[in-house]
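Engineer: This is what each chain is made of:
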Amino acid sequence: MLLNIPLTQYLFYFLSFVALLCGLMVVFSKNPVHSVLYLVLTFFAIAGHYILLNAQFLAIVHIVVYAGAIMVLFLFVIMLLNLNHDSEPHKNMLLKGAAVLAGGLLLMVLTGSLKGAETLAMHQPLNTQVGLIKNLGTVLFKDFLFPFEISSILLLGAMVGAVMIGKKEIK
Amino acid sequence: MNASNTPFDYFPLILMFIVAAGFVVFTMVVTHWLGPKRKTKIKLDTFECGIESKGNARVPFSIKYFLVAILFVLFDVEVIFMYPWAVNFKELGALGIIEMFSFIALLLVGFYYIIAKKALTWED
Chain A
1 MLLNIPLTQY LFYFLSFVAL LCGLMVVFSK NPVHSVLYLV LTFFAIAGHY ILLNAQFLAI
61 VHIVVYAGAI MVLFLFVIML LNLNHDSEPH KNMLLKGAAV LAGGLLLMVL TGSLKGAETL
121 AMHQPLNTQV GLIKNLGTVL FKDFLFPFEI SSILLLGAMV GAVMIGKKEI K
Chain B
1 MNASNTPFDY FPLILMFIVA AGFVVFTMVV THWLGPKRKT KIKLDTFECG IESKGNARVP
61 FSIKYFLVAI LFVLFDVEVI FMYPWAVNFK ELGALGIIEM FSFIALLLVG FYYIIAKKAL
121 TWED
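Quick note, the sequences are listed as chains A and B, same order. 1 is the number of the first residue of the first sequence in the numbering used here; add one for each residue after it. 1 is the number of the first residue of the second sequence in the numbering used here; add one for each residue after it.
Hint data in this document are derived by calculation from the structure and do not stem from the laboratory. Do not take every clue at face value.
What the hints assert, rightly or not - Computed from the model, here is a short list of chain B residues facing chain A with C-beta under 7 Å:
(1) V87
(2) G110
(3) Y112
(4) I114
(5) I115
C-beta atoms are modelled at their ideal positions from N, C-alpha and C, and glycine is treated no differently.
Let's have the full structure, built from the sequences with the hints guiding it.
Structural biologist: As structure tokens, then:
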């Protein structure tokens with residue numbers, strides 16, 4: 001197995017390179033459809049990372065839900081907008097400021113969550129089987145039971161919101 | 001699921017992806033290389049079923065499609081939560097059933113709302 005270690009590292013660097021490059025292209029490409037396609041590539045690279053972390057279930061879910069379903073929804077939204085004339089409505093400084101603020105807050109949340117993961121990794125060092133579906137289920141339905149039940153409320157809220165916004169009242 | 005589960009057990013899968021992508025690239029390159037090319041204005045024209053195209057493809061479409069798609073994704077996520085539950089079904093026991101059923105019950109409330117609002121009926 002010693003021969004495998006460099007290969008994993010090469011794969012890690014390759015996948016990271018693809019993920020970062022495509023992530024940057026999502027931001028920089030002018031055409032929104034191209035942005036979505038680059039985002040699909042980013043998701044595939046991240047799914048590759050999941051497989052490297054020995055979390056095959058998460059990798060498959062990532063491809064099926066994110067690269068499959070959610071990206072299709074993104075494309076739907078882009079198609080719902082009128083893209084005939086290359087209008088750029090987001091030139092407002094106030095909007096840009098709000099976007100920077102929201103992005104910064106998201107970064108803060110992500111950094112905070114990574115801090116929690118660090119201590120979790122210190123408690124269980126060198127367990128390569130942690131990402132498998134069986135261990136995932138044990139953790140999800142015992143330690144993270146409350147967030148799991150809360151997520152159903154999140155899904156319920158999303159359902160009600162989608163119906164509220166997207167459905168006109170039938171008289 | 002055996003104990004020595006490593007990412008390298010999935011090497012055949014990677015091989016399959018490489019072969020699949022390679023086949024696509026190979027056939028596309030070869031057809032462009034072998035096929036004759038006669039580029040006239042009529043041949044390069046956009047057409048659909050032999051009828052001349054009018055306007056362009058970027059036409060905003062009805063939100064009904066989006067509504068169905070997003071509701072599908074929400075229930076899709078719900079089903080994905082069932083996989084780890086099903087694998088651990090025996091270990092979790094009765095508590096697991098209560099957990100999952102309360103989860104499903106909340107989503108059934110949403111499903112009832114969708115049905116009551118007639119969000120899935122396809123009118124006009």
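Engineer: Does each hint hold? Answer for all of them.
Structural biologist: Status of each hint after checking the structure:
no., hint, in the structure
1, V87, "holds, 5 Å"
2, G110, "holds, 4 Å"
3, Y112, "violated, 10 Å"
4, I114, "holds, 6 Å"
5, I115, "violated, 10 Å"
In summary, the structure is inconsistent with hints 3, 5 from the numbered list given earlier, while agreeing with the others.
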